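J.: Single-letter residue listing:
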Amino acid sequence: MSKVLKVEDLHVYYGSIHAIKGVSFEVNEGEIVTLIGANGAGKSTTLNTVAGLLKPAKGSIEFKGESITGIEAHKLVKKGMSLCPEGRRIFQELTVKENLEMGAYSRPTAEIAASLDMVYEQFPRLKERYKQIAGTLSGGEQQMLAMGRSLMSKPDLMMLDEPSMGLAPILVEQIFEIISTLNKNGTTILLVEQNAQMALSIASRAYVLETGRIVTSGTGEKLLKDDSVRKAYLGG
Amino acid sequence: MVSYLINGISLGAVYAIIALGYTMVYGIAKMLNFAHGDVIMVGGYMAYCSTSYMGFGPLTSVLFSMLVCTILGIVVEKLAYKPLRGASSLAVLITAIGVSYFLQNAALLIWSSNPKAFPNLFDLPQVQVGDSVVTSVALVTIASCIVIMLALTFFTEKTKMGKAMRAVSEDRGAAALMGINVNSTISVTFAIGSGLAAVAGVLLCSAYPTLMPTTGAMPGIKAFTAAVFGGIGSIPGAMLGGILLGVIEIFAKAYVSTQLSDAIVFAVLIVVLIVKPTGLLGRKLTEKV
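Protein chains in written order, with this note's numbering: chain Y, 1 to 236; chain S, 1 to 289.
Source of the hints: derived by calculation from the structure; they are not laboratory data. Computed from a predicted structure; not experimentally measured. Wrong hints could be hidden among the right ones.
Said to hold, decoys possible - Computed beta-carbon distance windows for the label pairs:
# : chain 1 : residue 1 : chain 2 : residue 2 : range
1 : S       : A91       : Y       : S16       : 18 to 26 Å
2 : S       : P83       : Y       : R213      : 30 to 38 Å
3 : Y       : R107      : S       : V271      : 29 to 37 Å
No residue lacks a Cβ here, since even glycine has one placed at the ideal position from N, Cα and C.
Can you make the complete structure from the sequences, with help from the hints?
T.: As structure tokens, then:
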């Protein structure tokens with residue numbers, strides 16, 4: 001198994017706040033790796049730093065064997081990394097189709113049509129609504145659009161930040177099913193979630209973050225049975 | 001009456017072209033570029049110099065002026081505004097005012113404060129519309145404005161770069177995550193805005209042929225007003241705001257008082273903003289959770 005992502009001793013500051021204090025983890029090809037933890041543990045900060053939106057103060061990030069520490073976000077997309085951000089952040093004033101086209105911004109125009117078909121197949125709802133202004137979609141549809149948009153860049157590593165946030169339980173299940181399917185079809189996934197139960201049940205491996213540090217790690221199965229994890233994140 | 005209306009629309013068309021620059025830069029870079037008015041003045045001087053000293057024809061002089069202003073826009077953005085990305089909006093605003101004074105004083109040094117008589121670039125006959133006579137400059141101005149409006153709408157709606165601009169204007173971070181280079185998108189916006197300012201400068205100086213280092217200041221402020229009036233950030237809004245402002249100004253001059261015309265224009269703006277704070281075509285986005 002080759003390493004897709006290798007993060008070592010990452011330190012990130014927000015102004016004077018030391019948000020990430022020496023986080024190390026890795027993601028292998030074909031895995032679903034999840035970072036779980038409470039609010040403010042540094043999960044999103046870690047993802048945003050890997051994606052190039054934040055600059056680390058210390059530490060190294062390697063993507064497919066190449067150092068990408070400090071490289072800007074828009075250049076990483078071309079290298080095969082995609083982050084589906086927290087709160088979805090779709091372009092509300094653009095149509096569904098335009099949103100998807102933006103996802104493929106760094107790819108040659110000739111390849112876009114095929115990817116659009118692939119995403120429409122995965123999310124038939126988006127095909128029905130391709131002309132609609134994205135801001136008028138429901139919350140669940142917006143999440144599907146955000147994921148579809150990320151897929152349009154044909155990522156080798158897809159990072160998802162709280163994809164279940166604010167969704168009804170039935171939609172949450174649907175979103176996690178989609179993530180599993182994407183993974184089975186060959187996309188490596190790094191998932192950040194508050195819904196630890198769901199995340200651990202589909203994850204190959206997981207890391208537990210607490211106030212900027214990794215406190216436990218292991219396979220999803222093992223962490224689901226771990227007493228301290230159960231008490232802290234799974235409601236006993 | 002008809003000639004007042006046409007003159008009003010024509011003046012408004014100039015405001016609209018300038019307002020487009022304000023509104024696009026505001027929409028994408030989220031800053032008020034108060035030096036935008038002075039780019040108009042530079043555009044006017046470039047057209048003046050290229051026809052009077054370099055012997056350019058009307059069309060080449062307009063293109064030359066656009067080229068210089070486009071480069072000026074990009075350079076100003078790179079040197080003055082880009083280092084302040086992420087700084088407070090007040091710092092950026094003050095810098096923009098500084099750039100405005102810099103351009104005016106540079107013009108003062110180069111061309112002195114003596115007004116220059118702007119050459120007549122569009123040497124066309126006057127046109128009879130119904131019972132009244134209008135200048136051909138007015139008609140050229142209106143036509144240019146329509147062409148620019150259509151071209152810009154096509155650009156932002158249909159082209160890849162245009163769509164990327166709309167994406168950046170909505171959410172810079174998300175746009176970067178799509179692989180869009182936010183900095184170069186902002187540069188392109190400044191380039192387009194400044195190129196349009198050059199066109200506005202030539203049209204303005206053709207209608208009111210005295211050229212001074214402060215020529216761009218008042219139209220700049222009025223066009224900014226027009227952009228806010230129509231809803232800042234909105235391209236059709238800038239167009240509508242500009243034309244309404246021009247018509248109101250000319251009618252106020254004709255029927256009320258020349259001295260009071262500006263006061264009337266700004267009074268209308270205040271009323272509009274009280275009734276509809278986002279401007280005529282501006283709207284607020286509601287977030288869906």
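J.: Given the hint of 29 to 37 Å, check if R107(Y) and V271(S) actually sit that far apart at their C-beta atoms.
T.: 49 Å, violated
J.: Looking only at beta-carbon atoms, does the pair P83(S), R213(Y) fall within the given range of 30 to 38 Å?
T.: 35 Å, holds
J.: When you take the CB atoms of A91(S) and S16(Y), is the distance between them in 18 to 26 Å?
T.: Given a distance of about 21 Å, which is inside 18 to 26 Å, the answer is holds.
Hint 3 from the earlier list is the only one contradicted by this structure; the remaining hints agree with it.
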